Amino acid sequence: MKTPYGHNVYGIAAEYPSAAALYEAAKRVRDAGFKRWDVFSPFPIHGMDEAMGLGKSWLSAVVLAGGITGILTALILEWGPSWILYPLIVHGKPFTWRVVPAFFPIIFELTILFSAFAAFFAWQIMNGLPRWNHPMFNWNRFARVTNDGFFLAIEANDPRFSEEETQHLLEETGGQHITMIHEE
Amino acid sequence: MSELTREPVPQGEYFETNRFAGLSLGLGVGALVGLVLCLIGAFVSPLQFSFSWMFGFILFFTMCNGCLFWIIVHYATDAEWTVVVRRQLENIAVLLLALAILAIPILLLRHQLFEWTNIPPGQDHVLDSKRQYLNWPFFIFRAVLYFVLLGGMAYLLRRFSVAQDRDGSPRFTIWMRKVSFGGLPIFGLALTFAAFDWLMGLNYRWYSTMWGPYIFAGSVGSSMSLLVLVITALRKAGYLKIVTLEHYHIMGKWMLAFCIFWAYIGFGQYMLYWYANIPEETQFFIVRNTQSWWPLSLLLVFGRFFAPFGILLLRSIKKHPHQLCWVAGWLVFMQALDMYIIVLPALHGTGVRLSIWDLICPLTIGCSLAFVYLRILGRASMFPVRDPRLIESLRLSN
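Protein chains in written order, with numbering that gives the first Met the number 0: chain A, 0 to 183; chain B, 0 to 397.
Honestly, the hints are just simulated from the structure, not real lab data. Keep in mind that this is a model prediction, so the values were computed, not measured. Be aware that one or more of the hints could be misleading.
If you want the footprint, here are the derived chain A segments under chain B, 3+ residues with CB under 8 Å [unchecked claim]:
#1 3 to 14
#2 95 to 107
Simulated pairs of lysine-lysine, PhoX-like, Cα-Cα distance not exceeding 25 Å [said to hold, decoys possible]:
#3 Lys-177/B <-> Lys-240/B
#4 Lys-55/A <-> Lys-235/B
#5 Lys-1/A <-> Lys-34/A
#6 Lys-318/B <-> Lys-252/B
#7 Lys-235/B <-> Lys-252/B
#8 Lys-34/A <-> Lys-55/A
#9 Lys-252/B <-> Lys-240/B
#10 Lys-26/A <-> Lys-318/B
#11 Lys-55/A <-> Lys-252/B
C-beta: ideal position from N, C-alpha, C; glycine also.
Work the whole structure out from these sequences, hints included.
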């Protein structure tokens, strides 16, 4: 689909007067069966996940994998040399696997570090970051999203998207300034 | 989303004391029989009995204090989710006043419990340098002070909260906030020094700077588990249906948080001693990590941290009251084990020697407190009906 000026269409967006109105609109859009859409607000809105029908994020699985990698890395790097490759008696402490209390801080820290890396990078990828620009910024009104604007956008590549019906749905939910957003 | 839905304010819910008269009677009889048995025990085997009583006493003392801490934190942080469960925290915390009576045997049996009370000045230099603190009049004074401060706070917080049920005046919330802000440092100091006096004092040669936080971490974590058990029991009995899975989710998160915090403090204490390897410090762990105490210490490490940590990470467990109750019950049991291997090795340094008093004493104290709890429960609504934040707490989502 193209705009009258020949740009590709990103989707249709609407502005809502309040967080509550946006919340109610999100429920309607969810129930209409849309999959590729998003809401934008200056602050997190409690219960919005549910209103949007977002399931549980799979970020936690990635973080768990990162944490386990961290634990194993630490164990291998510490036990490997001090127990197996080059046992050394330090302070009269044991040098078999029993030396593990001395390793705990490192095990702990590497677990945290790898979990944090996994969380940070997986989160970036899941959000489509990093990117230079977003089509929503082509809409002047959208600048208010960091101040007092509440927006909802339905993407054109959603299988249920059709210009008239989607526009009609946004009107029904109380959306204002309904605008077609173009790509770069 | 307060603009969207208008729910009616729920009416107060009152515990039907008559419906549970049988349970109350059973607990009362259990407590009486137990107290008589304990009286016999105190004369038949005073040494074993005094340590068993200390074990039972400190177990419930820590858990009641943990509940007091949750109320204080509720007001200090102006939390909203706690409102629906807060009355039960208040009911448990106020049991500290009953515990003050149950602390009397500890003072009477001091010569069995505290070795330092038997050593005259001039014999042990280590002790002599601590006499400024470890002397009997000051010890008594402190014991009374702890109960006045902690019990007084618990009493005030419950009294104001119940008074608010009548007129819903926000000035009670302001007062309780003042009590809580003043109470935060008082609570921390009182619990820390109580732990010094009654637990670290069992061996006057030993000391740990982590002792206060260690006892604190155990008591606060286990009291959250206790709260889960109490709330679920009341829901089973048909009350407190306003507590939702969202509240369970938060309680589960706190159980997980304090599971980690306990391990952090416990390991921090252990590792520094292990690394420094100074005899007067390591003596505590040498006794507990050798002989038959060793398996129990290992059970504590795995049972109180690794196993519940892995289980509580799952969100589905935290949102499933029945399964969460199993974890909560286990964590309360682990708190009992923790207190057991703090108190009893001071007597049986050569290995575990189970005694019937180890069972009778905590059961007696538990029955007595449960009996008092049921009495208190019927006196006021099961949740603070007119709390200004009640509606927000009812609509909790996280």
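Hint numbers not upheld by this structure, sorted from lowest to highest:
1, 3, 4
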